[in-house]
Amino acid sequence: MKRVLDIAAALIALLSLSPLLVLTALFIASESGLPVLFRQTRVGRGGREFGMYKFRSMVKNAAAIGPYFTADNDPRITRVGRFIRRTSIDELPQLINVLLGDMSLVGPRPDVPAQRSLYSEADWALRCSVRPGITGLAQALYRSDAQGTQRLDADLRYAREHSLWLDARIIWWTLGRLSGQGAN
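For the sequence shown, our numbering assigns the number 184 to the last residue and increments by one with no breaks.
Be careful, since some hints might not be right.
Stated by the list, open to error - Derived Cβ-Cβ restraints for the label pairs, each shown as a range: (1) G33 with R157: 33 to 43 Å; (2) L5 with G47: 16 to 26 Å; (3) R48 with I7: 17 to 27 Å.
In case anyone wonders, no lab produced these hints; they're calculated from the structure. Glycine included, every Cβ here is placed at the ideal spot set by N, Cα and C.
Please model the entire structure based on the sequences and the hints provided.
Listed below in structure tokens is the structure:
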């Protein structure tokens, strides 16, 4: 049932957001050229690696220029990139990953392979037992303000407790966070 809902919601979202997606692509291309999408290797369900899509928010070849993790006021982030990151528009191409079956609308955010070392063997297996999501419990509760192991704990909690009801609540909380209201 969740997969059917994911496909239907992703198709509706892609169609309804297509003007925003096209405008974002045009702004990125006009500021810093092509390509407008960025593809990064992430880990999905069952530990399978896949290419996750995002709108490019940094200069081309940013990985070759600076550190792996971005910091505040990172000079590699473009002007358009700052806006699309702040508004989470950069995440919208992941709707394609949902259609491909790599991701769900809701689940733990997909980790890069190097983050496996943050988990015990049992916790990694639990985390990889569910499809990663565009949003998850950690994003709904903390957005990007999670401290210490809060994100990891929230991801594992989701893997243990996932349900369609929890997914609906996470989507509601995420929309609240994006509008500045937060999860209650």
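Check each numbered hint against the structure and report the violated ones by number, ascending. Hint check: nothing fails, all pass.
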